[in-house]
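Residue strings, one per chain:
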Amino acid sequence: MSQQSTTRTLRVNGEPQQVAFAVHHSLLEVLREELGLTGTKHGCELGECGTCTVLIDGKPVLSCLELAAECEGRSIETVEGMMQGNQLHPLQSCFADLGAAQCGYCTPGILLAAQALLAENDSPTRDQIVEALSGNLCRCTGYHKILEAIEWAAARLRGDDQYQPPNSAIYGDPVPGKQAKDV
Amino acid sequence: MSDAVHPDDEEGPVTSDQLRLIGTPFRRVDGRAKVTGQTRFADDLSFPRMVHMKLVRSTVPHANIVSIDTSKASAMAGVVGLLTGESMPDPFGILPVSQDEHALCIDKVRFVGDPVVAVAALTEDQAHEAALAVEVEYQPLETIATVEEAIATPEPRIHDYGDEGNLHKKLSMEFGDVDAGFEEADQIFEDVMYFEGNTHLPMEQHATVALTEETDRITVYSSTQTPHYLHRSLAKVLGLPAARIRVIACPNGGGFGGKSDPFNHEICAAKMALTLGRPVKICLTREEVFYCHRGRHPVLMKIRTGVKKDGTLTAQHLQTALDGGAYGSYGVASTYYTGALQTVTYDLPKYRFESIRAFTNKPPCGPKRGHGTPQPRFAFEVHLDKIAHQLAIDPAQLRLQQLVAADSVTSNWLKVGSMGLGKCIEAVVEGSGWNQRHGKMPEGRGLGLACGSYLSGAGLPIYWNHMPQSGVQLQLDRSGGVALFCGETEIGQGSDSVIAAITAEILGIDLKDIRLCVADTDLTPVDLGSYSSRVTLMAGNAAIEAAERARTLVARGAAKKLDVPARELVFAEGRVFHGENPEHGLSFQEAVIEAESRFGTLGTTGSYTPPRSPGRYRGAGVGPSPAYSYSAAVVEAEVDPATGIYRIEHVWMAHDVGKCINPALVMGQIEGSVYMGLGEAMMEEQVFRRLPKKRSGALVHKHPSMLEYKSPTFAEMPPVTSYIIEDPDPNGPFGAKEVGQGPLLPMMPAVANAIFDAVGVRVDQVPIAPHMIRQAIEAREKGKPGRFGPKSFPEIEFGVPLKVPTPAEGGDGKATNVDDAGVRSGTGTMTERKDAVKGEN
Amino acid sequence: MLRLPAFTFHQPETIEEAVALLATDPAHTRVVAGGTDLFPNMKRRHQGAESVVSLRGIDALHGITESKDGSVIIGATTTLDAITRDEQIQQKYPSLVTAVASISSPVLRNAGTIGGNLCLDTRCTYYNQNEEWRRSIDYCMKEQGDICWVAPSSPRCWAVSSGDSVPMLCALGAEITLVSSEGERTLPLAELFRDDGIDYLSKRPDEILTTIRIPSPSGARTGFWKLRRRGSIDFGVLSVAVSGWCNGNTTDRIEIWLGSVGSTPVRCTASIAALIGKPLDDETIAAAAALARKSAGANPLGNTDFVPQWRGKMIEKYVEAVLREVAGLPRQRMVPRHGSEKWPS
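Protein chains in written order, with this note's numbering: chain A, 1 to 183; chain B, 1 to 841; chain C, 1 to 345.
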């Protein structure tokens, strides 16, 4: 069947962009292929993995199931828009420092889902983070570093500069018996 | 003009005892790129005039191809190219002994998903529509779905090679007098266990972009863990000199072993690009990723062990049967690996190992994290738990009392170096309150313990050669910057950071002053790939050699300027200075300028080849490693006996990594392994569905999707207490051993053992679904054994085993009966087989 | 990348416009709200459409309002996330919040709508597969083929009704309104469903589901439990919803509904009858739970996650657990409710 095309103005990371695309193309396709914003990844294109998560009007949504044609007039945020000038967003910086991004493929989606959570709740509990991110699969990290990085970033965003991620996140837990001998 | 040589010039500076970077947490060198979306994965690349390719895959499990009709497809909008198998007649495969794949099937398809036609079009939409319009007529053949069917169905053969019928590989080996070993035992224990297949499920779907530079020169970007092996396969199938093919491995969005084979889509993309003269991209769908597979083999196991009253193991006889899927892949190595590492944890004085790998009409199995060893490790560790229970010996004690000694040689001739398993067991026992809680908690709550070990790189390359397995090249210039070239591939594990940190440590410079160029077969020295946990040890040692050579050069330049013997210079904090008078020195940049002035353009190389293993028998090539990592885990489970539903409450994991290069990344690997192990223990399974035979010949993947292939979410991940144990190995860089795979191994048996402690029934297979626990409880309620699991191991005639006397028996590492043992010297007509056989020897 | 096939796209701003668009060619037109069910199905090509009509731009279809009689009306395109956050709903129908919050994952619930969940296509592991996979089994009777592979000798399709909000809204006695170019009709939600995997809705293709009205709970005690493999993303393979009205010690009225055990939501009529006029105690609950397994339409087959025999047994366990929760009795067993919820110690 012949394709119906459309030209819309999408507001991506605060910048309006006029872009032409076929109406059946998802936001994921338009971001990656028309706008060159390849930071948004994809893992299934069926809404089953969370990898393609972006923010629309501040809410994390699956860009693989969102038609770009329906995004006009809405605010779209992708991982490329997270940095503040040449500085990493605290979430980005905590993820990088703790190793919460290993292969880094699920990372953009998780960063955005976490950003939405922290915008709503500046001191989420561990359970609240788990719940908010439970639709975003990661195969590398075992999730712990991600949780610790988000807690650290939350503290930094609250202005709590004293907060440090738990030592065990970086060095492992103190080996029983060893400390007594070594210290 | 030649400078006078300072008397001490030829000796380089001595490595300072004080490490500044190694062992401290630092942000991984690719950290920023990965959190900003800058990292370019293969599917993120695009080039002018690029077209998109799709593969038409077989919809039948086993058939002869009668005809292929591409007329409709070729007439469709946007279609620019079509390829069929005749255009690429040369076979390929990762192992020289299993060159059994074609880029596109020529006369036969062997599983649903086997590629038959490649279609290129201007857009992916168009390529997909055209792919759906290709018509292939098949003449169905009888299908084989299981090992048992493969044994019972020698004809028709899935392949025209293999040890017999539809058995790809069959082997039998005996280390020491096993019968005598069983004689010494007070009791013999026997179990039959099953490990279901599962798959890597990397978040990134495989992608490849190929572009031509000349009519006969091509660059291939791909999400591959093994650019070097892909390079070799491309040269073979495309018929181009390897020097005209450039493979660049993009950072992988997760690998876990799933991107270690050369794949059809990679070769087809290259061929299509050469045909069309324009860039070609293919990105697989999630369903196709399940068809690429190369994941964990389903393995049925029979384990029989002789034990003395005090728990001492006297002998073991292990039989394994691997369901290999439709192609060889790494399968021959996988087969050996289901037996090779049984000996490196606990003293096993006599050991017999027999195995088969069957061809079946399913996607090929291969290496997944732990490659071939998690299945027998599961069997062994559950088996030990049963032995301990029967003999009323504490399971931790049973293990601790017979650990393999450091610096020893096992009964199957593996050289063990550092061995921190004892410390690992002690840590998790202490941390979990094992002694107070195991066997003593109310019904429904239990603790389980298990251990494991893994290679820090395989001792031998995949194809026989005497060249290094890893290489690093450094280029230094007056900018003070260091360019580091290495063929290693970043798959998320942090290998870029490891080689950069090692180089920065030795040269005393900041990580940011190192520019990495990796995984590019045109520009970087060969590294065999990111598999078998080899990169930290092998590329790390190569980096040490290259960096020490560079340091010597720079020191010699600086020594002259500073008038200090080179060996007294220290490299630290971006400076080169006199150890006794740190004020007296140069910046690193100034020192490089001195060296560049004196020696001209500065460059050094380093390489690494593992030490030779003492085993000299056929098959001794699988198992040796420069160093073995060790892990121990305790898992706490809560089980509802009424439903069988269970939850993992806590995991204690201790891992002997030798020495942390970067503890934050080590922790990430430990936690990631715990996670993936839990997935395999609880839910992950790559399983297949056959429709009623009288109505259909279908044999399909049951659920090739992220939704139905269950991988744990944030919600399933329990708290994990991780202990990093450092028992440095002299073969490792700074003593480092692997961490990427080892900590996965204890998880599956520890979960099974915890469930037993909680409700007193055994599930002798993984993944453990609630209904299995419930069924075992119901069986016990009816007075039957409280067990769920496989009932028997098939009768297989393994023939006379290859007999290898053990070191304790005074052996020399060679087999004593090469001639009369049922050792197969070859398996068909494969071209590289002769070389490969040498490799196995 | 798996992509959508081409279609023409309409974004009406009123219900009238939408039903007019639908009336022109209902057989080849589909409505979409959140896209979380239709778009995966279209990508896999087991649902096709030449034309897609989005309901998102119709303001009248979203939002939650309270009527004078205490009932609550939810617009069909209200997102699942908005429902779980709504204070009225949290207060009046806490178990509906539990049910809706158990649907897929948080990120999906930001797009998925309540109307979409009610009209969710029935699911089956022989059907929810890519085009190429379905070719390999020569399709099934739900789409292009002749056979139901779950039960090959059966004349009907056994795809599973999987909307997690369905049994809860049925137990709460919800009504829905359907609008077409010919007018509108209101019916009990339970009458929206048919016991057939293919023809699973009584809604005509030219009709749009516009609103869901939930009567005032008037003192009902409710509960909802769902069984699935993982604590997120997964569809249920069993859900149990209960709404009970007690007078003193005895049960005046009670609704017990099962989801994801057959092609339609299942009312446990025998269990209900066994409890009316009786107190909710250990014995009556155990007896009612045992009857639930035999409810007409509750027929777990091998087309979802988990083995069917065990799923069948879980009906009794889960019904018992929810009834005990409704009765305020302590949990007898440690059946976890949702992945992230800790078990009682």
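Mixed in with the good hints, there may be bad ones.
Below, simulated DSS-like cross-link-like pairs (lysine-lysine); rule was C-alpha separation at most 30 Å, straight line [to be verified]:
no. : chain 1 : residue 1 : chain 2 : residue 2
1   : B       : LYS440    : B       : LYS72
2   : B       : LYS702    : B       : LYS108
3   : C       : LYS203    : B       : LYS784
4   : B       : LYS560    : B       : LYS512
5   : B       : LYS302    : B       : LYS694
6   : B       : LYS791    : C       : LYS313
7   : C       : LYS294    : B       : LYS782
8   : B       : LYS386    : B       : LYS302
9   : B       : LYS814    : B       : LYS308
10  : C       : LYS203    : C       : LYS68
11  : B       : LYS512    : B       : LYS561
12  : C       : LYS313    : B       : LYS309
13  : B       : LYS782    : B       : LYS302
14  : C       : LYS294    : B       : LYS784
15  : B       : LYS440    : B       : LYS423
16  : C       : LYS313    : B       : LYS782
17  : B       : LYS702    : B       : LYS309
18  : B       : LYS423    : B       : LYS386
19  : C       : LYS68     : B       : LYS702
20  : B       : LYS702    : B       : LYS302
21  : C       : LYS203    : C       : LYS278
The hints are simulated quantities; they were obtained by calculation from the structure and are not laboratory data.
Since this is a predicted model, take the numbers as computed values, not measurements.
Legend entry - Numbers of the earlier hints that this structure fails to satisfy, in rising order: 1, 3, 5, 12, 17, 19 and 21
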